[in-house]
Amino acid sequence: MSTASPVKTTAVSAEGVWKAYGTGEAQVVALRDVSVQFASGAFTAIMGPSGSGKSTLMHCLAGLDTTDRGTVHIGDTPVTGLSDKALTKLRRDKIGFIFQQFNLLPTLTAEENITLPAAIAGAKADPDWIKKIIHTLDLTDRLSHKPTELSGGQQQRVACARALASRPEVVFADEPTGNLDTRSGAEVLRFLRTSVDEFGQTIVMVTHDPSAAAYADRVVFLADGQIVEDMTEPTADKVIDKMKHFEELVAAAQEAAA
Amino acid sequence: MLRATLKGMAARKARLILTSLAVVLGSAFIAAALVLTASIRATVDDLSGDAYKGADVIVQPVEPENRGDRLVRDGVAAETLAAIEANGDVADVSTTVTWMVNALGEDGKIVGGFAPTMAVNWGDESVEREMREGRAPEADGEVAVSAQFVTESGLGLGDTVTAYSLSTDETPYEIVGVYGYAGGRDSLSGSTELAFTTTEAQRLVFGGEDVYSAVAVTAADGVDADELLKALEPAVGAESEAITHQAYVDDLNAESAEVTSVIGYFLLGFGLIAVFVSVFLIANTFSIVIAGRLKEIAMMRAIGAGRGQIIRSVLAEAGLLGAAAAAVGAGLGVAAGAGLTSVIANGFLDTATTSVAIPWSAPLAAVAVGLGVTVLSALVPAVRASKTPPVEAMREAVKADKPITGITVTGLVVTLLGAAGIILGLNETFGSDDANLIAAAVGAGVVFIGVALLTAWLSKPVVALLGAVWSWSFAGRLGRLNASRNPRRTAVTAAALMIGVTLVTATATLLTSVKESLAERFDTTIKAELFVTGPVTASVPATFDPEVMDEIRAVDGVEAAVDLYYDLAQIDGTEQYVNASSDIEGAVTQFGGVVAEGSMKDLGEGEIAANDAAAEQLGIGIGDTVTATFSRGTEAHEFTLVAIIADNEESDGFYVDPAYTAEFYTPKPNMALVDVADGADVGDVTAEVEDLIADQPSVSVQNHEEYLSQVTVFFDYAIIAIQLLLALAMIVAVIGVVNTLVLSVLERTRELGMLRAIGMTRGQTTRMVTVESVTIALFGALLGIGTGLLLGWIVQQALAPTGIESFAIPTALIAAYLAASVLVGLLAAIAPAVRASKVDILGAISYE
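Note that the protein sequences, when read in sequence, are chains S and W.
Quick note: the first sequence uses my numbering, first residue 487, plus one each step.
Quick note: the second sequence uses my numbering, first residue 26, plus one each step.
Hints may contain errors.
What the hints assert, rightly or not - The calculated lysine to aspartate or glutamate pairs, modelled on EDC-like cross-linking and capped at a C-alpha distance of 20 Å, are:
(1) W:Lys-552 - W:Asp-608
(2) S:Lys-575 - W:Asp-865
(3) W:Lys-863 - S:Asp-570
(4) S:Lys-571 - W:Asp-865
(5) W:Lys-863 - S:Asp-551
(6) W:Lys-693 - W:Glu-195
(7) S:Lys-724 - S:Glu-734
(8) S:Lys-632 - W:Glu-772
(9) W:Lys-626 - W:Asp-649
What the hints assert, rightly or not - One-sided excerpt, in silico: chain W residues whose CB lies under 7 Å from chain S:
(10) Met-779
(11) Thr-786
(12) Ile-866
(13) Ile-870
Hints listed in this document are in silico derivations from the structure and should not be mistaken for laboratory results.
Ideal placement from N, C-alpha and C gives every residue a C-beta, glycine not left out.
Bound-form chain S, shown alone (with noise of 0.2 Å):
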């Protein structure tokens, strides 16, 4: 379990990925040619409106789908031909997830599902790291409730201390906030935020709300499957400036291609 160096290295980069759905009539192209690099402790938004293949590229970064051309590498091991005991190894070892849904086990209480990732490894958890997550998360009287006791915020909190807890690479969180109310959503976020700024985490979120992503360090904008935009020191109000105009971005990219 490596700690981001200070120096800016790739953590997550793909190159040339693309990836397909379907045959013949019915298919559907899900990303083109993408090609990105996301630097070690940033935080970078994915956005993109409904099927422009935000959350495809999120899975194949993953690990959790193929790519039909195109490698993948976490940081310096290559993704793409692992064999399915490798990725499992790979996702265990080097990545953290944080879902919409949370994704809890309920049979669990927080901490144990805290320290699930480490109890699946048959390792141990670094107890002085997971009480300093469990601190920050604020969730230090919490640890012995079971997920129904717990209420949405407080469970997607329990989830990002289980993607941490093993000091994973990188963290992919897809809509995060999809299911909370404004004030757990933006809580969530200053917590990744946090996690980048002081413990040097590398985070990777899929989100459509523009105020989510002015919490990131750097926004990628996904249209068609195909790159489009590339933002850096993001706020809301430019990422939303930026969606107005999507189609004509859109538009010039596909010129770009053609």
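Since the structure of chain S is already known, use the hints to place chain W on it.
Frame of chain S; chain W shown alone:
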């Protein structure tokens, strides 16, 4: 609404199939049981119909089979036969002389196990025999044997076989022929047979009297059976009776019907247990399926479906499913019943042909039971479904489990009620023994139901305890947690297994206790260490030469040796066991008895001793007179009661002087008790006594254990038979566990996807599901074993006054049940575990 139901069903084929399996199995068992019973009866009836084929009238001694339980045969007199032959309406006459004999095989041991060895005259026409090798017996020293006898004895054509009956000594016969029966059969119902000349058969069966077991008469042309019957009346006389061939066949059928109906009840019992267990499975499956559809049902409610419509829709689904599954089950059951008929007919009845009878009741009962059970099982989930509030459709919340307080309280009350019944019964609170026994038995049944209701409550602690076994593996821990996640579901699934295990454990415990009680009483009351006796399965009791007794007494280390004869006699109009011995007082002592009143010294002619129970039964005391007729006796003897014996429970009835043994069923001793002196080596004495009886191969020296294992062999067979019941329960339980697991895996798809996404391997996923499965199965088995032991103990306690005083636990069997339940868990886990490990991670975690 119906259209929606149908479309809904079509969309959930996998779940439908799983639910149907339970119904199919239950229905199939019912249909198979009914078809099998009817077919076996038809087959046996055909067999009876072939007896004395072509004859019109059968003449036999009055009550030929057994007068009461008398062991010695009567016959049709030669004069009667002569008178029949002389009758003008008679075209043809054949005679039968038959009863059981002992024959020694190549190894010098008595041939045969449970099926008897029969002696018959070659002229007998009750069955059709076909000579295969050699010829018919023509001289008294010759015999033809059935092919089955050749197989079992190891002897063959040209060999010499030694045979004897109670009225003859061991006699060598030359085997001159080997025969089979019509249809190429080797045997009739597994028995072995030796065919002699008529005079030799009469010597073996009737001690040389010129009498016959039966006479078959064929009418002359133009005379029908009834006319012949009338014409023969004067010839038959009072000692014999004439019946038409039809009446004879009907009698045989009525006798076999008793046996076949027992088989039928047994099979039907199996079927009903399968149905009972399937009720749990069907109800459980419907609950799970409906729980998974709550959103859909809520949506229906939201768009305006009434509660009644929801109930009707679920019931319609159950009805359609039940009808289809029951029809399939009925079809399979009928086919299985027909198939099993030939297996049983060929394997056990040795019939030439099998008749498959399919009574209408078979498919009808199967469909009715399958349909009824399905609809009833779906009723509770249907009503529950109809209560779903429409807002449920919009809510995505993790639902907490329904509380199990209601069912737990009910279970506790029921269990306590049952326990009260048991306690009252065992403490003999009620007036009669019967009432106490019934109270205890009903109480036991009620406890059984109570415990079944308590399974949900019990599942938490027991599963937690079982979980300790898996705690070394994290996947195992998750599996254990999953098993206790929905106590209701786990409980109902485990209950399906529990029922079967409870029944077999209770029965096995009781039978083991009976065996143990016998052994214990035997060891404490019987002084003699050794028995000289033959196999209990011998067709006629094995006897030995009484002269060997003096030699046995002379063996170094023998403290005492007594010979025993026994008979079933008529004493004052009742059937009583009568024993005789050259040393009656010694015999009583060996059995642990004491003379309570009077004296047995020099028990002489006209004097009799009685056990206290027998004396009490006849209401006689010292000095009273009784009349006794022995098995072979032609006249009654008067006896004066001179002694009453107490504490002599291992030997029944009365004692008389050995002078009467000539009229006994066993004119020679059939057992000797050998008391080894303290300090003498039992092994040495055994070896020496064995040498002394070496020339009498039908008896052997046995110790308590060997002797008891013979006597209790029936219990061993009974225990094996009930294991079949377990096998059945296990099959149903596998389906139940598979159902629950597959549905749970479906429900937890998203969770499985998450676990796989954050790094759980396929192997770990498989282990997790397998542990859940094995835990549920073990839980069911443990409950069943616990309840079974409890029920077995209760029945043993209730029966203690009848002599079943020891409680014994069949540990080996219980270990086997636990192993079997683990196997059930493993087998049931295969499909669900594979499914869980192949969950499509993306599909599982993508939001709806």
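query: Are the Cα atoms of Lys-863 (chain W) and Asp-570 (chain S) separated by 20 Å or less?
result: 11 Å, holds
Interface hint outcome for Met-779 (chain W) [beta carbon to chain S under 7 Å]: 4 Å, holds
- request: Mind checking the alpha carbons of Lys-724 (chain S) and Glu-734 (chain S) for me, to see if they're no more than 20 Å apart?
  value: Given that 20 Å is the threshold and the Cα spacing comes to 16 Å, the pair holds.
- prompt: Do the alpha carbons of Lys-626 (chain W) and Asp-649 (chain W) lie within 20 Å of each other, as the hint requires?
  reply: 18 Å, holds
task: Against chain S, run the beta carbon of Ile-866 (chain W) and see if the smallest gap drops under 7 Å.
output: 5 Å, holds
Interface hint status, Thr-786 (chain W) versus chain S (Cβ within 7 Å): 5 Å, holds
- prompt: Can the restraint linking Lys-863 (chain W) and Asp-551 (chain S) be considered satisfied, given a maximum Cα separation of 20 Å?
  reply: Holds, at roughly 14 Å.
- prompt: Given the hint that Lys-571 (chain S) pairs with Asp-865 (chain W), does the C-alpha gap stay at or below 20 Å?
  reply: Within the cut-off at roughly 15 Å; holds.
Satisfaction of hint between Asp-865 (chain W) and Lys-575 (chain S), Cα-Cα up to 20 Å: 17 Å, holds
- prompt: Does Glu-772 (chain W) lie within 20 Å of Lys-632 (chain S) when you go C-alpha to C-alpha?
  reply: With Cα atoms ~19 Å apart, Lys-632 (chain S) and Glu-772 (chain W) stay inside 20 Å; holds.
- prompt: Under the criterion that the straight-line Cα-Cα distance not exceed 20 Å, is the pair Lys-693 (chain W), Glu-195 (chain W) satisfied?
  reply: 13 Å, holds
query: Minimum Cβ distance from Ile-870 (chain W) to chain S below 7 Å?
result: Constraint on Ile-870 (chain W) satisfied, holds at 6 Å.
Taken one by one, the earlier hints all hold for this structure without exception.
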